[in-house]
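Novice: Start from the sequences and build out the full structure, keeping to the hints where you can.
Residue numbers (the numbering used here), protein chains in the order written: chain Y, 1 to 146; chain P, 1 to 662; chain U, 1 to 261; chain X, 1 to 126.
You may find that some hints are simply not true.
What the hints assert, rightly or not - Straight-line alpha carbon distances no greater than 25 Å define the calculated DSS-like cross-link-like pairs of lysine-lysine that follow:
id: 1; chain 1: P; residue 1: Lys400; chain 2: X; residue 2: Lys18
id: 2; chain 1: P; residue 1: Lys323; chain 2: P; residue 2: Lys141
id: 3; chain 1: U; residue 1: Lys202; chain 2: X; residue 2: Lys62
id: 4; chain 1: P; residue 1: Lys421; chain 2: P; residue 2: Lys400
id: 5; chain 1: P; residue 1: Lys141; chain 2: P; residue 2: Lys171
id: 6; chain 1: P; residue 1: Lys242; chain 2: P; residue 2: Lys405
id: 7; chain 1: U; residue 1: Lys2; chain 2: P; residue 2: Lys483
id: 8; chain 1: X; residue 1: Lys21; chain 2: P; residue 2: Lys483
id: 9; chain 1: X; residue 1: Lys21; chain 2: P; residue 2: Lys295
id: 10; chain 1: X; residue 1: Lys18; chain 2: P; residue 2: Lys59
id: 11; chain 1: P; residue 1: Lys405; chain 2: X; residue 2: Lys18
id: 12; chain 1: X; residue 1: Lys18; chain 2: P; residue 2: Lys483
id: 13; chain 1: X; residue 1: Lys18; chain 2: P; residue 2: Lys199
id: 14; chain 1: Y; residue 1: Lys118; chain 2: P; residue 2: Lys257
id: 15; chain 1: P; residue 1: Lys295; chain 2: Y; residue 2: Lys118
id: 16; chain 1: U; residue 1: Lys50; chain 2: X; residue 2: Lys62
id: 17; chain 1: X; residue 1: Lys21; chain 2: P; residue 2: Lys458
id: 18; chain 1: Y; residue 1: Lys118; chain 2: P; residue 2: Lys106
id: 19; chain 1: P; residue 1: Lys257; chain 2: P; residue 2: Lys298
id: 20; chain 1: X; residue 1: Lys18; chain 2: Y; residue 2: Lys34
id: 21; chain 1: U; residue 1: Lys202; chain 2: P; residue 2: Lys350
id: 22; chain 1: P; residue 1: Lys184; chain 2: P; residue 2: Lys298
id: 23; chain 1: X; residue 1: Lys62; chain 2: U; residue 2: Lys16
id: 24; chain 1: U; residue 1: Lys14; chain 2: X; residue 2: Lys48
id: 25; chain 1: Y; residue 1: Lys118; chain 2: X; residue 2: Lys62
id: 26; chain 1: P; residue 1: Lys106; chain 2: Y; residue 2: Lys34
id: 27; chain 1: Y; residue 1: Lys34; chain 2: P; residue 2: Lys570
id: 28; chain 1: U; residue 1: Lys2; chain 2: U; residue 2: Lys92
id: 29; chain 1: P; residue 1: Lys400; chain 2: X; residue 2: Lys21
id: 30; chain 1: P; residue 1: Lys483; chain 2: X; residue 2: Lys62
id: 31; chain 1: U; residue 1: Lys2; chain 2: U; residue 2: Lys50
id: 32; chain 1: P; residue 1: Lys184; chain 2: P; residue 2: Lys233
id: 33; chain 1: X; residue 1: Lys48; chain 2: P; residue 2: Lys405
id: 34; chain 1: Y; residue 1: Lys118; chain 2: Y; residue 2: Lys34
Hint data in this document are derived by calculation from the structure and do not stem from the laboratory.
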Amino acid sequence: MSIDDRDFRPVIAAFCCNWCSYAGADLAGSSRMKYPAEVKIIRVPCSCRVNPMFILRTFEKGADGVILCGCHPGDCHYSTGNYYTRRRMASLISLMEFVGLERGRVRVEWVSAAEGAKFAETMNEFVEHIRALGKNTRLEDLRCKN
Amino acid sequence: MQKIGVFVCHCGTNIAATVDVLRVVEAAAKEPGVVHAQDYPYMCSEAGQALIASAIRDKGLTGIVVCSCSPRMHEATFRKCAERAGLNPYMVEIANIREHCSWIHKDMEEATQKAIILARAAIAKVHLNTPLAAGHSQVTKRALVIGGGIAGIQTALDIAEAGYPVDIVEKNPSIGGRMAQLDKTFPTLDCSACILTPKMVEAAAHPNIRIFTYSEVERVTGFVGDFTVDIRKHARSVDMDKCTGCGLCQEKCPSRKTPDEFNRALGTRSAIYTPFAQAIPNVPVIDREHCIKFKTGKCGLCQTVCAAGAIDYTQSDEIVSEKYGAIVVATGFDTIKLDRFGEYAYDQSKDVITSLELERIMNAAGPTGGHLERLSDGRMPREMVFIQCVGSRCSDGRGKSYCSKICCMYTAKHAMLIRDKYPDVNVTVFYIDVRTPGKNFDEFYRRAVEQYGVNYIKGQVGKVAPLPDGRLRVSGSDLIDGKAVEITADMVVLATAIEPDPSARRLASMLTASIDTNDFLTEAHPKLRPVESPTAGVYLSGVSQGPKDIPETVSQAGACAAKVIGLLAKDRLTTNPCTAHSDQLLCNGCSACANVCPYGAISYEQREVNDHGVRGERRIAVVNNALCQGCGACTVTCPSGAMDLQGFSNRQLIAEVDAICR
Amino acid sequence: MKFSYYPGCTLKNKAKDLDRYARACAAALGIELIEPDDWQCCGGVYPLGKDEIAPKLAAVRVLADAAEQGNQLVTVCSACHHVLKRVNDDMKNDADTRERANRYMDLQRPYTGQTGVLHLLEVLRDRVGFDTLKEKVVNPLTGKKIGAYYGCLLLRPGDVMTLDDPENPRVMEDLIRALGAEPVVYPYRNECCGGYVSLGDKELTGRMCDRILESAVGFGAQMLLTACPLCMYNLRAHSDLPVYYFTELLAEALGVKEAAQ
Amino acid sequence: MSELTERIMEISGADPRKCMKCGKCTAACPVAGEMDIKPHQFASCLAKGQSDLLLSSNTLHKCLSCFACVERCPRDVRPGRLIDAVRQCVVRARGQAFLTPEEIPELLDDELPQQLLVSAFRRYRR
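Specialist: This is the structure in structure tokens:
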């Protein structure tokens with residue numbers, strides 16, 4: 001491992017639904033559970049608000065990993081939103097694989113408002129995984145960089 | 001160009017200890033459009049809010065960003081503050097630099113960098129915010145309480161007393177719940193039925209309360225202030241208006257072998273039955289699964305003996321549809337199944353019982369007439385062993401990881417009552433910890449030890465082995481002496497873990513109320529909003545939210561009622577303006593959005609559209625703002641990108657993404 | 001029905017009965033048992049240390065051989081069954097063991113826990129079915145009151161063995177019932193007999209066996225049934241009660257005992 | 001944490017800090033009466049970092065690895081694995097055995113199954 005690798009600080013965006021996962025992240029915070037500062041959370045009303053285009057945009061902008069968190073299937077605040085998420089993301093993930101992006105740069109996780117520990121664990125694991133994958137060079141669009 | 005103010009909160013040291021607040025202010029001030037940036041120790045305080053208000057007024061701010069705790073905590077506070085200062089409340093964004101930053105990181109540099117990025121994202125978003133106006137909706141001034149135990153009864157009584165109509169839905173033939181099954185209550189030892197029955201009667205007689213027993217919630221639609229609920233009233237096969245409650249049918253019923261649920265299946269009941277003598281309503285139901293008439297067509301004895309002519313075999317389930325402003329979940333608990341705890345021999349010996357079964361054995365109306373005896377041979381036990389934490393505090397996947405909270409106290413109660421009534425019976429309690437945090441609780445437990453001579457052994461039991469002579473060898477450990485001990489007992493009582501009633505899970509999905517990994521309903525905030533669900537208009541009462549004893553349940557039921565009354569007292573509610581809308585120039589009327597909308601909020605209109613000078617009539621999606629809840633499903637489904645969501649627009653979210661990746 | 005069959009070292013020596021009757025019963029029930037050409041002792045105990053690889057390799061070899069044949073692997077000895085199932089579980093679920101074992105073994109194809117390991121009792125219950133078995137019984141053991149003795153290795157740890165409820169098992173009782181006899185359920189049937197401690201401390205194993213036997217006799221057992229040669233050794237040393245391998249009574253009921261001898 | 005404690009946790013893959021001190025392991029152990037240090041005390045000594053106390057315990061040779069403690073532990077501490085890990089630390093360090101091959105012949109009898117010998121040897125020496 002080169003020095004550069006060790007210093008690699010991935011950019012990771014986490015889309016969290018307001019009702020479950022964002023609250024789960026809050027609980028992780030108020031319980032003082034640690035996870036890496038690389039993770040930046042974007043609040044959305046429901047995981048189904050996340051357009052696959054947002055995720056592609058995030059990668060174009062140079063993010064190394066994107067994680068989308070919503071309520072557990074069956075527990076969606078809007079009844080069915082996360083079912084749409086599940087279907088859309090399954091397609092997106094196969095598409096990303098098809099175009100040659102490393103497996104695992106996009107992840108979908110269900111985290112409830114009560115699962116602060118799961119949120120922290122998931123983030124620790126995801127960041128670790130992205131660190132192992134290294135920098136996202138395949139989708140990054142230099143023209144999009146400021 | 002917006003004129004943006006950024007306000008960075010120290011939250012005492014909660015934020016400032018890990019985030020260099022001044023550097024965040026400095027960095028924010030350099031962002032385009034930011035004309036004002038400052039920090040303050042407590043932004044949510046009156047003085048902090050005054051700072052924000054004066055900055056809005058003095059500098060003519062058009063949008064503000066508050067870098068502070070979670071928006072779930074204080075977004076509403078800062079929106080109100082902005083409104084008071086003349087700024088549209090939806091021109092406020094929060095950067096969560098506490099829960100999502102200072103509290104989870106240790107390194108100051110790292111946390112400060114992250115806080116700056118979160119602030120930038122919020123600034124980028126607020127640039128694209130537009131003033132929004134909240135709409136209004138009506139409030140149906142009636143509440144629904146699901147579950148007719150002490151939690152549901154107390155909540156219903158308190159709401160009814162405030163003058164609002166309440167319906168209680170109870171799945172069993174009578175209200176009363178678990179408390180009706182208890183013999184005595186701690187820490188005063190008063191008789192459970194004696195203090196519960198008057199409340200049941202009061203609820204039944206209250207002009208504002210309707211009780212649907214033998215009924216279940218089937219469907220819930222709508223939202224806070226305007227729920228529509230379908231209630232299935234199971235066919236009772238007895239006419240509630242005609243029945244006089246004489247009980248003759250139950251006496252004459254020839255089918256008597258059904259396990260009696262009220263007595264935890266320790267005894268049997270007739271097929272036509274009321275669960276217990278003080279049942280409310282005092283009208284029996286026919287259990288069709290066990291009724292001879294329904295099974296074979298031959299019998300009809302109850303109909304013959306009923307002088308009031310109340311028996312009606314032709315009744316069928318009925319669906320009642322009603323509107324409610326608020327819904328209270330009070331579905332209570334059951335004890336866990338013990339099939340994964342074979343070491344305690346619950347399935348192998350009749351004399352190993354759960355504490356709830358002991359309640360029935362100790363109760364005068366129970367299967368043994370209140371006489372303490374072994375269920376195997378009817379003999380009086382001489383040596384009794386209680387085992388605590390059976391299935392509670394288990395993180396190995398067999399039981400529940402939480403403490404069931406009530407077991408230490410009811411075990412002390414049982415031990416004390418037995419020693420009081422039968423001084424010759426030796427009582428040993430195996431415990432891991434005795435937990436008695438409650439008024440007069442520890443004193444109560446100590447009385448069991450000091451006054452009643454109950455033998456408390458600190459240690460868990462490893463095996464209960466039935467012996468050929470019918471007794472039970474209990475192998476436990478005594479941690480104070482550091483050794484293994486064995487007691488030959490006549491009866492073993494298991495303080496079995498409690499879990500939410502199985503109906504809670506189904507109900508939670510119907511109500512879109514969140515539920516935790518143990519199936520307890522989640523509260524909106526664990527400390528500050530303990531009786532509200534995160535789903536507006538849904539409230540939590542009793543054990544459905546977490547383990548509780550009776551005093552706590554009653555307090556929570558009252559608190560829950562106060563919240564419901566607060567809601568029903570309003571004539572109208574402001575609605576969330578963060579709703580979807582379609583761009584009529586982009587919409588091609590394909591119906592994709594309407595297909596995914598869970599609220600039926602999208603319809604189509606023929607509209608005259610001027611598309612770059614070309615006039616024509618088009619089919620356009622129209623969102624009903626009163627129905628739209630703002631999930632955003634339609635925005636992603638729309639193939640032409642015509643649908644967008646106010647407050648979380650495509651451009652706003654992309655601005656946040658860009659700011660984070662910068 | 002065709003399975004790879006691992007007898008284990010004890011069944012080739014002191015516990016020949018357990019093996020002989022197992023083969024005879026399998027044949028009578030239309031089960032083909034194929035013994036691999038060369039196998040080694042499984043080690044008798046499962047190595048508990050997470051860093052121990054070498055003592056697991058003999059088991060991996062047998063498992064990998066069954067995988068090559070495309071068979072599931074059947075055993076009758078409690079100890080072999082215990083070791084094989086647990087090593088297989090490691091090969092399936094513990095990446096470190098899997099990787100290191102494969103590096104040592106230099107197999108044609110890497111082994112990743114794909115072989116299903118079954119105790120003969122599981123085959124009887126889940127493949128043959130006790131109802132079918134009952135129909136094949138020619139000498140029902142009517143009137144016999146039999147206590148099943150499971151011991152520790154067969155059942156625990158329950159999440160890996162998955163043979164039965166580790167605290168309140170019933171597979172042997174169901175077998176006894178299928179053979180026409182009456183099972184005697186007694187609470188100490190899943191408590192340890194003392195195992196290999198009897199090598200140095202016969203007194204201790206004596207006390208442990210006494211407790212088991214006292215319980216079995218107390219509930220009316222006239223004989224005991226076991227699947228483990230070590231349990232057999234310890235129980236016989238301390239009991240007047242006859243102790244049989246389950247395969248022997250099965251052979252008797254199926255009418256193949258004489259022929260097997 | 002001492003190096004020894006760390007080694008024991010690594011070899012056992014079990015975590016004594018999960019223990020809630022209920023004593024169910026000792027209660028479930030069929031030979032707890034013979035042990036100088038009981039199974040629950042193993043977990044607590046390790047959690048406190050007093051692992052050296054355990055090295056000379058007779059528990060190392062009394063434990064049958066029957067897994068009653070492992071099966072019944074409500075916190076998934078797996079005391080049986082902890083005991084075995086300590087035992088391994090002892091035999092690995094000492095390079096000598098509780099039982100030597102020379103001692104074996106006089107312990108044998110005609111009925112003794114091979115399984116017993118193999119098991120005992122695996123457990124008692126390395």
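Novice: Does the structure keep Lys118 (chain Y) and Lys62 (chain X) at a Cα separation of 25 Å or less?
Specialist: violated (40 Å)
Novice: Regarding the pair Lys202 (chain U) and Lys62 (chain X), is the alpha-carbon distance no greater than 25 Å?
Specialist: Cα-Cα ~12 Å, so holds.
Novice: Taking 25 Å as the top limit, are the C-alpha atoms of Lys62 (chain X) and Lys16 (chain U) close enough?
Specialist: Violated - the C-alpha atoms of Lys16 (chain U) and Lys62 (chain X) are around 30 Å apart, more than 25 Å.
Novice: Does Lys21 (chain X) lie within 25 Å of Lys400 (chain P) when you go C-alpha to C-alpha?
Specialist: holds (17 Å)
Novice: Do the alpha carbons of Lys295 (chain P) and Lys118 (chain Y) lie within 25 Å of each other, as the hint requires?
Specialist: Judged against 25 Å, a Cα distance of about 50 Å means the pair is violated.
Novice: For the pair we were handed, Lys18 (chain X) and Lys34 (chain Y), check the Cα-Cα distance against 25 Å.
Specialist: holds (20 Å)
Novice: Taken at face value, is the distance from the CA of Lys257 (chain P) to the CA of Lys118 (chain Y) at most 25 Å?
Specialist: Distance of about 48 Å is beyond 25 Å: violated.
Novice: Mind checking the alpha carbons of Lys141 (chain P) and Lys171 (chain P) for me, to see if they're no more than 25 Å apart?
Specialist: Given pair Lys141 (chain P), Lys171 (chain P) holds - Cα atoms ~24 Å apart, limit 25 Å.
Novice: Does Lys483 (chain P) lie within 25 Å of Lys18 (chain X) when you go C-alpha to C-alpha?
Specialist: Roughly 21 Å between the alpha carbons, so the hint for Lys18 (chain X) and Lys483 (chain P) holds.
Novice: Holds or violated: are the alpha carbons of Lys202 (chain U) and Lys350 (chain P) at most 25 Å from each other?
Specialist: Roughly 36 Å separates the two Cα atoms, so the pair is violated.
Novice: Would the hint linking Lys106 (chain P) and Lys34 (chain Y) be met if the CA-CA limit is 25 Å?
Specialist: holds (8 Å)
Novice: CA of Lys118 (chain Y) to CA of Lys34 (chain Y), is that 25 Å or under?
Specialist: OK: Lys118 (chain Y) and Lys34 (chain Y) at ~12 Å, within 25 Å.
Violated hints, in rising order: 4, 6, 7, 9, 10, 13, 14, 15, 21, 22, 23, 24, 25, 27, 31, 32, 33; the structure is consistent with all others.
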